[in-house]
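Visitor: Each protein sequence line maps, in turn, to chains A, B and C.
The numbering of the first sequence is my numbering, which starts it at 1 and goes up by one.
The numbering of the second sequence is my numbering, which starts it at 1 and goes up by one.
The numbering of the third sequence is my numbering, which starts it at 1 and goes up by one.
Keep in mind that the hints are not guaranteed to be accurate.
Unchecked claim - Derived DSSO-like pairs (lysine-lysine); straight-line CA-CA distance at most 27 Å:
id, chain 1, residue 1, chain 2, residue 2
1, A, 301, C, 283
2, C, 228, A, 295
3, A, 291, C, 71
4, B, 186, A, 507
5, B, 186, A, 24
6, A, 313, C, 71
Said to hold, decoys possible - Short derived list, chain A residues pointing at chain B, Cβ under 10 Å:
id, residue
7, 183
8, 184
9, 239
10, 319
11, 322
12, 405
13, 406
14, 409
In case anyone wonders, no lab produced these hints; they're calculated from the structure.
Where a beta carbon is used, it is the ideal one built from N, C-alpha and C, also for glycine.
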Amino acid sequence: MILRLLVVTFAVLCGIGASDGPTKTLRFAAQGGLNSLDPYALNETFSQGTLANVMEGLIKRDENLKIVPGLAERWEQLDAKHWRFHLRRGVRFHDGAPFTADDVVFSAERARGPNSQIRGRIPADAQVVKVDDYTVDFILTAPNPILNYEWETWLIFSKSWAEANGAVHVQPASATALNPSALKANGTGPFMIASHEPGTRTVFKRNPNWWGKTQHNLSEVVLQAIPADATRVAALLSGDLDLIDPVPVQDVERIRQSEIADALVKPELRTMFLNMDSFRDELLYSNVKGKNPFKDARVRKALYQAIDIETIKTKIMRGMSQPTPLMISPLLFPLAGEFHRWPYDVASARRLMAEAGYADGFELGMDCPNDRYVNDEEICQAVAAMLSRIGVRVKLNVMPKAKYFEKIGPKRYDSSFNLLGWTPSSLESYGVLTNTVRCRDAEGRGGTFNFGGYCNPHIDALLNSILVEDDMAKRNELIAEAFRLLHHDVGTIPLHQQSLAWGVSRKINVLQRADNQVRFEKIWMQ
Amino acid sequence: MLAFAIRRLFEALMVMLAVALIAFALFRYVGDPVNQMVGQDATLADRAELRRHLGLDDPVIVQFGRFVSHAVRFDFGISYQLKQSVTGMIAERFPATFELALAAALFAVVFGIPMGVYTGIYRDSWLSKVFLTVSLIGISLPTFLIGILLIYLFAVKLGWFSSFGRGEVITVGFWRTGLLTISGLKALVLPAITLGLFQMTLITRLVRAEMLEVLRTDYIKFARARGLSDRAINFGHALRNTLVPVITIIGLQLGLIIAFAIITESVFQWPGMGLMFIQAVQNADIPVMAAYLLLVAFLFVLINLIVDLVYVRIDPRIRIYSKGTG
Amino acid sequence: MNEASPNRLSSTAGVPTARPRSRLGALRDSDLWQSFVASRLVVAAALLTTLLVGAAFLAPLIAPHNPYDLKSLELIDADRPPAWEEGGDARFLLGTDDQGRDILSTIMYGTRASLMIGICSVLLAVAIGLSLGLWAGYAGGRIDAAIMRVADVQLTFPAILTALLIDGVALAIFKRYTFEGGKFWILVMAIGLSYWVQYARTVRGVTLVERDKEYVQAARLIGIGPMKIMFQHILPNVLGPVLVLATINLALAIITEATLSFLGVGLPPTEPSLGTMIQVGNKYLFSGSWWMVAFPGLTLALLAVAVNLLGDWLRDALNPKLR
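Just chain A, with the same shape it has in the complex (with noise of 0.2 Å):
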């Protein structure tokens, strides 16, 4: 690979120029590298999001997230419980297979199979059904309107291929021999697998018989892991990389004003939030014994109305976050425009807080992730100096996130007061909801990552009916509900969706997606 490389670099700097043109290599540089090329190995935007520059899903979405069609050229829902793809024609795999219903069949049952970790994106109850070698149909036991919400993220295998290689089934977490699938790919996609170093370097190239338009001009595209933020920034800056995400948000301004850099920013979908631990009956990290003080809503909004989100915007995100009444992005929400935060009022904070039997405060022990958000532990650090002038005395363990998710996250909730990000990956709110509002027991079962533990079994009521409901409108307005519920009950403090930031050189055109996806195919060089 590396002497191929070297022979096309001379046979460009010689003048001769490869027959398809000059090549244009995109040198792309994210926090982490891709490790296992099985898309279904883990269940994690950014894997999934570039290897969808390799395989295809059956949907797609364009820049803004709309649904478009992808390896299906369209669908029906015959009726509640019955949806019909209909497949496109003439597609091919990398290696020269044709696309078919069989390879559909067969990756439905390979999601669903030993080991996967994308389970949820298709109901395990659900039939999948070839009507014909271009249709196929997806026969439901309940309702589900939004069935294909996640199936870009899908991506689809080919049968013989995976046969072919032993990749029929998912290769184990703790596998101790490499499936082969793990190292190479083999999609529909624009882009094809040239070498794989798992967690340093992917080199993709283009695929020349792709069945869509072409909208880019790189015959080439090097992704490379580099973790530390400073090296990132650096190397963009000194022209060794042409793309970078994420951008830190304070150096978005010093890389706009570079000669060869820009910074592209967007609001991201994650939105971040605070947990009150309102599970037990006394605090683990505070002088408040024999009760909970989180227990009563009066603190918990006192807490919220303490923490100034606009200056935690101005002066930590930069101006790069969207302060939100919401646990979910208003981009994924249609009537999230009827809710507005509670006001920022340090009075009424304080009002509250002497209501409730605490006017001169209590201690609390806060956790936060230093490695796993934008300014994750600047913003405890605001928040906790902020807290402090309700009388709410902050003592900080701030700690990387392999320990922090240990500690704050199942079964042990070792926590009273902590900060979480979530990422709706259904793209709307019950995904949200269902994992960190819905109840919980001490060891985790129901709402899962409701790190604070609160419970309010009118919004559990309300969520299974969402499951359920197949009219749009209605479910919207159960949302709605839902909440309102937990607004007024201030069940979590939601702070903001923080803002995508990537580095480009100003030599390439690049549209920038709200999920974070990456999409090569898009993707314009000078």
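Following the hints, complete the assembly by docking chains B and C onto the known chain A.
Guide: This is chains B and C only, laid out in the frame that chain A set:
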């Protein structure tokens, strides 16, 4: 001598076993690997199943036994995070670390020895003071700060060298080298200086101290009295006498550089073993951490062994005690 | 290369070797040692150290702000440049950090934290190293071998890993005790445990030589117990090199603390040390807020240079050949 070596080898083995055991006993405190392996909404059952599969629920001693029984066959298991054989990963990354360490050591020697000699001979010249000040600053600034400053100055501001990574590599047999391409060499400069600076200052100071001591000895004074030229005295007699301890130290330092290139590699994103280790720590990737620690233990033990053997040869007093301990 | 403790080197450079030399040389060197230039440098280093240490320990009395008091922080004051720059504020002479802390005050408090960690961890390392080194050297045999192998094991663990492991163990053992105060001792333990080996080796080396000298054998003959011999007769001989090592290691310990903070296992950001300040400031280097990293970095460098200079001077002063 042979019995001593054999006994030390046995002890070395025990040291490595102890390292592995301590490491294993403590690993469960560095974080939860499972959380780093699954997506955000993986169910509890999935997580529990994965834990069981990885054997993380077994008692430490069982996990340890399993590790050792595989390790003796050079099988360190599969990285939780990268799903690759750890032995392969180390083999892949060792060349990068080795080349960096070698370049750093070279830099340290090439600049450190002359500076040490000069400052030893001309104690009071202004240049000596400059050298000593530079060397003091070299040990007084944290490595990561030096690396960041070098990147800012030479990669971003001046654009002379690359700011990260290894550049283009060429595969020679099993060894992937960055020494044969221009971009590889350019990428090597800044990290090698960063890594080597501390060693350079150590060598400067050591050579200076030795020179000062040797220049005071009677036989140098005698040589001077005989009317030998300064040059002949300084380089023919003095420097030669300082070299033995200096070489010992440099050898030792090379081992240390390889073992602990962690900071430099993480600042420059140099794809070596140090970076691999720091990433493993962040992800609680136990097999990688275990293998790395064992490798470092091996390097240390090896170096200690060599040094002990050398000392025994040099200083007969120590030999008596070493034998006495057996 | 802060991780790489220069243990062999320090001991080689620090321990006086028994090479013959003339009185004349000693006198000349001694004169040289007394020379104005040398002493001026040392005096400057001593003054600087006193100044920094004084400012650090008097911080609560003389610092313009109390950066540890969350209530006094106004986020709106964050990211202000030094007073003389455009946009600066006279209240914050050296500017503010990303949370609105006064850099000058934070440096004072941070220096105190860094010094405390440095001193405590060096004391811990000396205590462990001295006892084990004496024991190993004096007892010899299996005990010696065992202790030295333990030392080998210890050397294998990089300080960063030791810190992470101790952090994790403390978290597991003390459950509820994981906040600020704990971090301090975790760092002290991590750094102290990483550096005791060189003391043990140095002390053992000297003890090996001393224990067969006539005065020790005489003491043993007249029935003085091993404890007394070790601490009354042998200990004074090792104090010199240990003191030298300790001074040099103090600088190293401070740098190691900074490095651990850089890697995210240091003091919490609400009670920053110099290392934490540099780690935080580093994030804002590209965005033009150079003061967040420059001033703490400079302070750290000055502190380390001054302490190192004093260490050098001590080494030379205690070197019997120069006396």
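Visitor: Give a verdict on every hint.
Guide: Hint check:
1. A:301 to C:283: 33 Å, violated
2. C:228 to A:295: Roughly 63 Å between the alpha carbons, so the hint for residue 228 of chain C and residue 295 of chain A is violated.
3. A:291 to C:71: 26 Å, holds
4. B:186 to A:507: This hinted pair holds, its Cα atoms lying about 24 Å apart.
5. B:186 to A:24: Holds, at about 23 Å.
6. A:313 to C:71: 20 Å, holds
7. 183: This interface hint holds because 9 Å falls under the 10 Å limit.
8. 184: Violated, because the Cβ-Cβ distance from residue 184 of chain A to chain B comes to roughly 13 Å (cut-off 10 Å).
9. 239: 7 Å, holds
10. 319: 24 Å, violated
11. 322: Violated, because the Cβ-Cβ distance from residue 322 of chain A to chain B comes to roughly 21 Å (cut-off 10 Å).
12. 405: 4 Å, holds
13. 406: Holds. Min distance 4 Å.
14. 409: 6 Å, holds
Hints 1, 2, 8, 10 and 11, counting from the list given before, are not met by this structure.
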